[in-house]
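**Q** Below, each chain spelled out in residue letters.
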Amino acid sequence: MAARGENPAGGSWHAITQQVLKRNQVRLAVYVPDRVLTPLIRALHEDNDFTAFAATREEEALGILTGAWMGGLRGVLMMQTSGFATLPNVLASLAVPYQIPLIMIVSERGTLGEFNLGQAMVCRTMRPVLQSLGIEHHTITRMDELEFILDRSIKQAVATQAPTCLILSPLLTGGKIFSQ
Amino acid sequence: MPPNEPKVLNRFDITRRLVALLRNEEAVIGGIGNTNFDLWAAGRRPQNFYMLGSMGLAIPIALGVALAQPKRKVIALEGDGSLLMQLGALATIATLRPRNLIMVVMDNRTYQITGSQPTASAFGADFVAIARGAGIAQSDWALDEASFEQLAARALAQDGPAFIAARIDDKPAVATTERDPTLLRDRFMRGLGVRE
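In order, the protein sequence lines correspond to chains U and X.
So the first sequence is residues 1 to 180, counted in this note's numbering.
So the second sequence is residues 1 to 196, counted in this note's numbering.
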């Protein structure tokens, strides 16, 4: 059996994500670092089609991506669950009311083997926040659904001028494992 | 504190002086509250963006516009309280060194719009020292109106990033911005030539 995050055909969740972002003209990748996202972050740094850098906070990254979109440059915000939890005010006051097709990719912590109680608690706030702000969101658990969900979600975000959030489950990425 | 104590300027006055220097459809991002209101009052330009919430994000938004349109100068107008909320952005900007980004901080040493509580600059925090410390070498206090115009003209003519801090008085803004986010965003995108 293939390990989580790899598929028998040789693709990986991060390679597929990179290709789908590229195919949808996403060129700016702003992130707050995360262990699970590391292979994707590394791949985007090494790919000349992308400008990739770390912001100091997720709110800052959201501001940068909002400005970039208005200036004609499409981007993605990558973060982990606890980082998403810092965003409700700027989602409610900037991204949603100004109709910004903000593409968020969240590496999900706090579930399926979480070892940090704080992460487990904050994870429970993520979907209710997305729900109450009316933000389209999907949890991706399977390699065979990743391309379809990501590609269609980006296209819908742009077409409807609305933020979207893709939650990468540990079922897809393997997640972060407590080191013995 | 700066070596020569800067003169206390007026936000609307220096905003008008700044806008008067714009010749090349430069983008201007107004922060939350008074910087935004006085930008609105200084005259409608399709290249102005008015932020109605998201305190602290004027500089990050300007950075995003600057990255998207590297040939256009982009100016962020931010207040002292707002900058204190997102100081990390200065370090990000020092790392990326966008040549077309100009930051103007209006420092009245108070959270004026929420009841005039003092900010950290009332107790000695020096924004130019903070910006320099973050790695933005071209960071200066405007010593008076002429000095402000000189610094702004230099920032518009030369490569940045540039950071200009101005001590301002406690006069309220002279107008209030229209509050229709989608309209403000759409006008701005057309002003930047992203939409026709």
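Everything labelled a hint here was simulated from the structure, so no lab data went into it.
Built from N, CA and C at the ideal position, the CB exists for glycine as well.
You may find that some hints are simply not true.
Stated by the list, open to error - As a list, the in silico BS3-like pairs of lysine-lysine whose alpha-carbon atoms are at most 30 Å apart:
{"no.": "1", "chain 1": "X", "residue 1": "LYS171", "chain 2": "X", "residue 2": "LYS71"}
{"no.": "2", "chain 1": "U", "residue 1": "LYS22", "chain 2": "X", "residue 2": "LYS171"}
{"no.": "3", "chain 1": "U", "residue 1": "LYS22", "chain 2": "U", "residue 2": "LYS176"}
{"no.": "4", "chain 1": "X", "residue 1": "LYS171", "chain 2": "U", "residue 2": "LYS155"}
{"no.": "5", "chain 1": "U", "residue 1": "LYS22", "chain 2": "U", "residue 2": "LYS155"}
Said to hold, decoys possible - Coverage of chain U stretches by chain X, computed from C-beta distances (three or more under 8 Å per stretch; other residues unrestricted):
{"no.": "6", "region": "31 to 42"}
{"no.": "7", "region": "50 to 64"}
{"no.": "8", "region": "109 to 121"}
{"no.": "9", "region": "165 to 174"}
**Q** All the hints need checking, so say for each whether the structure fits it.
**A** To see whether the hints hold, each was checked on the structure:
In summary, the hint linking LYS171/X to LYS71/X is not supported, as the alpha carbons are separated by about 35 Å, beyond the 30 Å threshold. Restraint check: the Cα-Cα separation between LYS22/U and LYS171/X comes to about 49 Å, which exceeds 30 Å; the hinted pair is violated. Under the criterion of a C-alpha separation no larger than 30 Å, the hint pairing LYS22/U with LYS176/U is consistent with the structure, at around 26 Å. For the proposed pair LYS171/X and LYS155/U, the alpha carbon gap of about 46 Å is over 30 Å, so the pair is violated.
In summary, the hint linking LYS22/U to LYS155/U is supported, as the alpha carbons are separated by about 13 Å, within the 30 Å threshold. Counting residues of the region 31 to 42 of chain U whose beta carbon lies closer than 8 Å to any beta carbon of chain X gives 0, which falls below the threshold of three, so the coverage claim is violated. Coverage of a stretch by a chain is defined here by at least three residues with a beta carbon nearer than 8 Å to that chain's beta carbons; for the region 50 to 64 of chain U and chain X the count is 12, and the condition holds. Given as covered by chain X, the region 109 to 121 of chain U fails the check, having 0 residues with a CB less than 8 Å from a CB of that chain where 3 are the minimum.
Residues of the region 165 to 174 of chain U lying with their CB closer than 8 Å to a CB of chain X number 0, which falls below the three-residue condition for coverage.
Of the numbered hints given earlier, the model fails hints 1, 2, 4, 6, 8, 9; all others are met.
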